[in-house]
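K.L.:
Sequence:
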Amino acid sequence: MVNPIPEFVKNIWSKWDIRGVVLTSLFLQITLIFLTPFRKRTRNAVVLVLVWFTYLFADYTANFGVGLISNKYGDEEDDSDANGLLIAFWAPFLLMHLGGPDTITAFSLEDNELWLRHMLGLMVQVCLTGYVFLLTLPTNTFWLPTALIFLAGTIKFSERTRSLQLASISNFQERSMSSYQDTKTIEESIKELEKKFPLKKDDGQIDTSSNQTWQKKEQLDDVDVVSRAFFLFNKFKGLTVDTSINYPTIVPVSEYFEELTAMDALRLIEVELNFMYEAFYTKALLVHSKVGFILRFVSICCVVAALVLFIFDQKHGCNEFDVKVTYTLLYGAVALDVVSFFMLIFSDHTFASFNSLDSQKKGFIRKVADYIFKSFLKLRRPKWVGHEKILCRQIWCRRWSESISGLNFISYCLHKRNRWIEKTITCIGARGLEHWTHEEKNPVPQDLWIFIFRQLQIKYKKLQLDPIPEMVRLRSSRGMWIILEDETLQKDPEKLEVLTTVLSDQISFTDTILNWHIATNLLFYADDVAVAVDVDVEQRSGNVDHENAQQAKLHRDFSMVLSDYMLYLLLRQPTMMSAVMGIGFEEKWKRSCDFFRDYFFHHHKSINEMADDKTLPFTEKFFPFFSKDTRKKSHKQKVASNKLDDLLHQKEDYEIPETSFFDASLFSIGIAKDLVDVLNDLERTHKWKIIAQVWLELLSYAALNCSSINHVQQLGKGGEFISLLWLLSAHFCIGQQIQFLSV
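Using full-length UniProt numbering, the letters of the sequence shown map in sequence onto residues 1 to 743.
It is worth saying that the hints were derived from the structure and are not from the lab.
Here the structure is a predicted model, which means the values were calculated and not measured.
Where hints are given, some of them may not hold.
[Stated by the list, open to error] For lysine-lysine, the following DSS-like pairs were computed, each having C-alpha atoms within a straight-line distance of at most 25 Å: (1) 378 <-> 367; (2) 378 <-> 389; (3) 687 <-> 491; (4) 15 <-> 378; (5) 315 <-> 441; (6) 389 <-> 367; (7) 441 <-> 324; (8) 324 <-> 72; (9) 590 <-> 673; (10) 315 <-> 15; (11) 378 <-> 553; (12) 461 <-> 687; (13) 462 <-> 441; (14) 72 <-> 10; (15) 374 <-> 72; (16) 383 <-> 441; (17) 491 <-> 673; (18) 383 <-> 553; (19) 461 <-> 588; (20) 462 <-> 389; (21) 491 <-> 461; (22) 495 <-> 673; (23) 717 <-> 462; (24) 383 <-> 673; (25) 673 <-> 553; (26) 495 <-> 553; (27) 389 <-> 588; (28) 441 <-> 717; (29) 495 <-> 687; (30) 15 <-> 72; (31) 461 <-> 441; (32) 10 <-> 324.
[Stated by the list, open to error] What follows is a list of derived Cβ distance ranges for each label pair: (33) 467 <-> 56: 26 to 34 Å; (34) 395 <-> 574: 25 to 33 Å; (35) 114 <-> 370: 36 to 44 Å.
Here a beta-carbon is modelled for each residue, glycine too, at the ideal position from N, C-alpha and C.
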């Protein structure tokens, strides 16, 4: 029988198997230490897949290498020669590689729960590597550097296992319970923090009726932001594992946030979420402890000492290439430790710990360190660019992805599906791929964050008047709170009845989102030209209503961004929305898409002709992805929206299928029509303010009902904008975990 594996392939494998494995393992460790920090800074699927593949392949490679060395070493007759001893010297390096870099211990939260499996793997690999070392001990001239690397490898692997244990949910819950049980301790800690980092206050009171107040200069120093965020993370780490927090315990924090500017609050929330990420996905909790510093010092000393000893050891009889491989492993280990050391020094944990030291007497070294730290943190400060002031930092300076994804229903329905591709996607169970092709990533506008922060401050002021009933109202509201608090709507019972009916609990949350999404699209494109014209006229005429027109445009843009984002969450992040999605959403979505696709393709020709706008520039008309304005890309979507408006108001004849298959879609059409009619009767500025506030409440409702574990899960994939809202809401006493507990 012919051997399927050629002889030359066997020879190559026999010569290069161990050498190739150890070098591949080192390459994977280098890739991991530099690549994994980007997983929290981007939602790019390619980056996340690369991290996932490298993370898994690195472990498989190192495990395979240790087994290969132990198996091959015992079978060879020349085990005692110098070259065989070099190969045995490589086994402890693979043990170090199994410990992994500081930048990643787990790819998902489930990995942390498997810390016992990693402990078993630690014992097995240490025993296996120790077995190889003991076999060579009688004749091993490199026994001392081998022992040092073996010790360093054991420490590294133990660090990873201990980090996984610390980040497990049960362990995290136990350690978080003692951090905020004593209310008095929290209040004293807040006062102590204020003494160290006094917050500058304006002489005047906060005026919630004007947007200008929220655009004042940032007040907190960059190092102070990290210190305060670290304090909040340590005191309220139970937020990340769904642990209940007593209301009086967190009130001082809420009052503290009430005094902040919107930009300072964003900076605090970003850093606090970053501490959460590092706690669950890296070795940060361990290496920043006293034991961690000692272990890291011992590990580095062992590696450096092993390198020095190997340099001066006699290498007679050793293969020259194998000596070079050994040097590569040693210098690679030193380089990885140096990189890890600098990452450790320039981490948020170090900044927070250093700033907490007594700063009354600043020596020369302290002043230099302060200058370096502040210069580094200045690079990571939120950067707002362009006329619209969107959040845009270089990717290596980010703490999260800094984007709001969006998925538009009308745009989705305009896309013509390929039946073969659809069948393939259905067969492999990857329905998310179809949604992924329609997903857009939008930058975060500064005005949107200011709007959100302002609304939460207003709600917190209301909550202070009567905490228990207001807390219940705010948590359960899906837009109703805004409608009932609006004085203008209170004077119009008919409009109030329609809006309260649409937002009532009798309609499922997913139906509410779909209804408001369709209505928002119709109102947005119908109002597109009108807002632009009015703003331009008022700018030239100096009309006193110019500010109102600007506010209308801002709220209109906010509404569209939040509307698309909510639909994205339903379709692309179902685990985050599982508590509010209910049953049958996928079927409802499919039916709605089928109905609207049928309608749009019925008007396919007219939509294309109307969308062929002669006024659009050539590049935007034929190459819409060149356009900087995302709304100019969707001219066809605007025309389709107008055609849909004609259907709603029966301006044309269209034969709607009489089967019950389309009942759900017809129900959405009817509600969307009622919404459009009622909202169109309102003054434009008021209309868009109401719509934006309703969307914010819908997003808040989803954020509060999403498990904190799901928020933490997303931090390892670039983070979601909804997580910022969740944490900010918790600090304003609106979170689901804030309870009135008996002490």
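K.L.:
Any hints this thing doesn't respect? Which numbers, in order?
P.N.:
4, 5, 6, 7, 11, 13, 15, 19, 20, 23, 24, 27, 31, 33
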